[in-house]
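Trainee: The task is simple: from the sequences and hints, build the whole structure.
Protein chains: 2
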Amino acid sequence: MMSATSLTGPLSALLAAEPRVVACGAGLFADELTAQAASVLPVDWRPPVAGTETALARVMADPRRAAANALALERMLASTAELVDVVPAGEALGLEPGTFLHAGPPVTWERASGPLRGALIGATLLEGLAATPEEAQALLASGSVRLEPCHHRGAVGPMAGVVSPSMWLFTLRDEANDRTSWCSLNEGLGRVLRYGAYSPDVLDRLRWMSRVLGPLLRDAVRRRGPIDVRAIVSQMVQMGDEGHNRNRAGTLMLLRELVPDLIESGAPTADVAEVVRFVSGNDHFFLNLVMPAAKLATAAASGVPGSTLVTVMARNGTDFGIQVSGTGDTWFTAPAEVPDGLYLGSYGPQDANPDIGDSAITETVGIGGLSLAAAPAIVRFIGGTVPDALRTTGEMYEITAGENPAYAIPILDFRGAPSGIDVAKVVRTGILPQITTGIAGRVAGTGQVGAGLVKPPMACFTAAVHALAASC
Amino acid sequence: MMSATSLTGPLSALLAAEPRVVACGAGLFADELTAQAASVLPVDWRPPVAGTETALARVMADPRRAAANALALERMLASTAELVDVVPAGEALGLEPGTFLHAGPPVTWERASGPLRGALIGATLLEGLAATPEEAQALLASGSVRLEPCHHRGAVGPMAGVVSPSMWLFTLRDEANDRTSWCSLNEGLGRVLRYGAYSPDVLDRLRWMSRVLGPLLRDAVRRRGPIDVRAIVSQMVQMGDEGHNRNRAGTLMLLRELVPDLIESGAPTADVAEVVRFVSGNDHFFLNLVMPAAKLATAAASGVPGSTLVTVMARNGTDFGIQVSGTGDTWFTAPAEVPDGLYLGSYGPQDANPDIGDSAITETVGIGGLSLAAAPAIVRFIGGTVPDALRTTGEMYEITAGENPAYAIPILDFRGAPSGIDVAKVVRTGILPQITTGIAGRVAGTGQVGAGLVKPPMACFTAAVHALAASC
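Chains W and Z, in that order, give the protein sequences.
For the first sequence, position 114 (counting from the first letter as 1) is numbered 1065 according to our numbering, and the numbering increases by one without interruption.
For the second sequence, position 80 (counting from the first letter as 1) is numbered 1031 according to our numbering, and the numbering increases by one without interruption.
Since the hints were derived computationally from the structure, they do not count as laboratory data.
Honestly, I wouldn't trust all of these hints.
Claimed, not checked - Stretch by stretch, here's where chain Z covers chain W in the computed footprint (C-beta under 8 Å, at least three residues):
(1) 1000-1011
(2) 1221-1227
As the list claims (entries may be wrong) - Some chain W residues near chain Z, calculated using beta-carbon distances under 10 Å:
(3) Leu1154
(4) Leu1203
(5) Gly1232
Said to hold, decoys possible - The following label-pair restraints were derived from C-beta to C-beta distances:
(6) W:Glu1061 with Z:Gly1232: 49 to 57 Å
(7) W:Trp996 with Z:Ala988: 20 to 28 Å
(8) Z:Gly1105 with W:Gln1301: 41 to 49 Å
(9) Z:Cys975 with W:Ser1185: 41 to 49 Å
(10) W:Val994 with Z:Pro1338: 48 to 56 Å
(11) Z:Pro1219 with W:Glu1061: 26 to 34 Å
The beta-carbon is built from N, C-alpha and C at its ideal position, and this holds for glycine as well.
Mentor: Here's what the structure looks like:
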């Protein structure tokens, strides 16, 4: 209420100026006024997700929230990520024989989808725990193989994300926070284990990776010294990569860093040339370094009481799971959606498995689908249009806590990538984070069938808001 | 004039619809009408460059022009460009001892600017024709060294563009048109010969390039077979490079093509590693392949009677020269402008030489400054803003004959690069082609002082229009 005396105060300006109409909700009123040459400021407004009103009000009123989110974001942006070593998973993670890691939140063999089952069968054969796919399947169904999410070991794995003890992993360090993360070596596209294929050629490639690729990369990295992965990610978003489904420039920059020391490592020339051709021939090779770099950043933001920022988004092909800073390691899960995208060859939507992989950790740190505007050329690979890509990133700023100046998007006049997805903002606006993804065939053994766009189920975010409200 | 009967014809729709105002010239009238809620279509219109009206009218009315430009553009777009060999200039061009090539239109020692003089002094020392810079200068001033533009031999050279017999050149072939072009190997930035530096370290680097770099690249290219340079240019414009002052992705992709065969060439490991480090450390290395690829394309468009398309834009540091398809090898020259840009260290505008180099051949084919929209990150290197970059490419479509679908700009929804600069359109609109450029120090021996933006002098285009009018 405005008293008469206040007209001499700052509010008096309100009456001195031309009246201005603010319109929200249906656009009809604004359109009519515009046609009559009135100045209208349209405001995009929607009610929050139904059923969350009370919990959301409680979370948004939490006096800790603003400072907690600022601290979590600051930690996320300040983290570092250097490639320091390449080692077998058994050695890196102390992964015991008979234990396999997988992508996403926890899942059992019974609930596992086709591509995860296919990758587990392949890993069982690779480790020599079974002689045939049928034997492998029986062993896995018997429950005597232990399954554990990569995230529970501080690691990440794209698509099925299956890691067995003999597979080699990149080791990344965040010295600022004294933290380590790991990720497998990328096998390429098409018929590969992480998409659920396990035919002899898939296993032969994995054996070559353990015998030649891993050791040569290890020798080159140790000889060269740490490679600043975060700096390469910074550059790649200036070169049309969004770091999830486009990693062309990143892969080339990694190759540039490694090649001289690969050459000087003393390894046989034929092996060095084969390694270079393998890495060169796979535009996604660098994804498996972007992912652990993102994991280090989001892990640094984890565990801040009262923070509503997302620290993990991961899918196991059955469930989508998220973790939130203020609730620590708790998973909030819901059934994963089926991606919408472009298909390889004669594959179509009927062949697609629901969303799978830890690679949405790239979106969790603000790149990938959140930074689609940095990678307009990607629409030729995942579908959509260039204006959609620009619009999507614009929308992502509405659900994030801030911007990452290290990941500056040139076409947005070097605006930092939208970073720190806030579950409260997601539930308040109804806007879900955009994810770019590969699409696995739903039948075990198929491999990749396409690439596209997908969103997490809203239920993960509403569950997180309810849990946060309960802890206020 | 409209007769009463025509009201039943297609023009009757004009009266059936709401009236619409088309405004051109001063924006004041359009603004007033818009404020009154009238629908206004503003049209940007300017008179042609003063003094060209009659000649321009004649050229634009030339019945050959439309078909001639279509043919020239078609030939430009259909050309191919493959790297097929690396050889010394003496062998490649039959360059005689005592003959040096240089960038831009013909120029004498007397009229040569500082950086061109510096590069010529360096080449004289490199070839052993003089023992000291003073001796070299005296020899050059005596007129006993023959100077010739690179373009007269079908070659191109960035900045000073000085080529002497012992320097190694990339050899590119356009098999579709049975044509060859050549360019020197890129030395890197800073204190380098092409920017006019000639100190002992500059000459040592050139000697290493002739002794190690050239032969190793030759062996790798011959072993591998032709490299499709045009395909790499296609990819680089999707990765934030405009191919003139940003060649990061292009250099990395070239490296990817060459490294396996460099490794398998049998050359000493230390030399291979040094070559890889040298190429990796110079984001502009690929420029010297973009340039001859562009030369092959524009040469294919040359010599079409009646065509008003530009086939060469080149600068020698004193004059800017252009050639036009319909007038063949005739140069139209005018004093070169001084670029506007960002300076290295403590250098400033007072240190800048006028525009120099054959590298504007990249703009002649539609990339470089014409495709600034493809490379928003470049504004951090050459100055300007991202919206300027987008606006510039938009404007370039007004002075070009068509678009190159092979060079698709993702952010413009994959619109092809504006290609085939039309001198008639330049003179008609007053819009000059935008060029991105390195800036050489004006004092011989300085080297690079910055990078920026520059435009050709309008006088080159008006002279071309007058010459075309005379031949109609």
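Trainee: Can we keep the Leu1203 of chain W interface hint, with Cβ of chain Z closer than 10 Å?
Mentor: holds, 4 Å
Trainee: With a cut-off of 10 Å on the beta carbons, see whether Leu1154 of chain W makes it to chain Z.
Mentor: violated, 25 Å
Trainee: How about Gly1232 of chain W: closest beta carbon in chain Z under 10 Å, or not?
Mentor: holds, 9 Å
Trainee: Has the hinted range 26 to 34 Å been met by the Cβ atoms of Pro1219 of chain Z and Glu1061 of chain W?
Mentor: violated, 59 Å
Trainee: With a cut-off of 8 Å between beta carbons, are at least three residues of the region 1000-1011 of chain W near chain Z?
Mentor: violated (count 0)
Trainee: Could one say that the CB atoms of Glu1061 of chain W and Gly1232 of chain Z fall in the range 49 to 57 Å?
Mentor: Holds, since Glu1061 of chain W and Gly1232 of chain Z (Cβ atoms, about 54 Å apart) stay within the stated range.
Trainee: Kindly confirm whether 48 to 56 Å is satisfied by the beta carbon distance between Val994 of chain W and Pro1338 of chain Z.
Mentor: violated, 25 Å
Trainee: Could you tell me whether the CB distance from Cys975 of chain Z to Ser1185 of chain W stays inside 41 to 49 Å?
Mentor: Hint holds: Cβ distance 46 Å, inside 41 to 49 Å.
Trainee: With 20 to 28 Å as the target window, see if Trp996 of chain W and Ala988 of chain Z comply at their CB atoms.
Mentor: holds, 26 Å
Trainee: When you take the CB atoms of Gly1105 of chain Z and Gln1301 of chain W, is the distance between them in 41 to 49 Å?
Mentor: violated, 56 Å
Trainee: Three or more residues of the region 1221-1227 of chain W near chain Z by CB distance under 8 Å?
Mentor: holds (count 4)
Hint check: violations occur at hints 1, 3, 8, 10 and 11; the rest are consistent with the structure.
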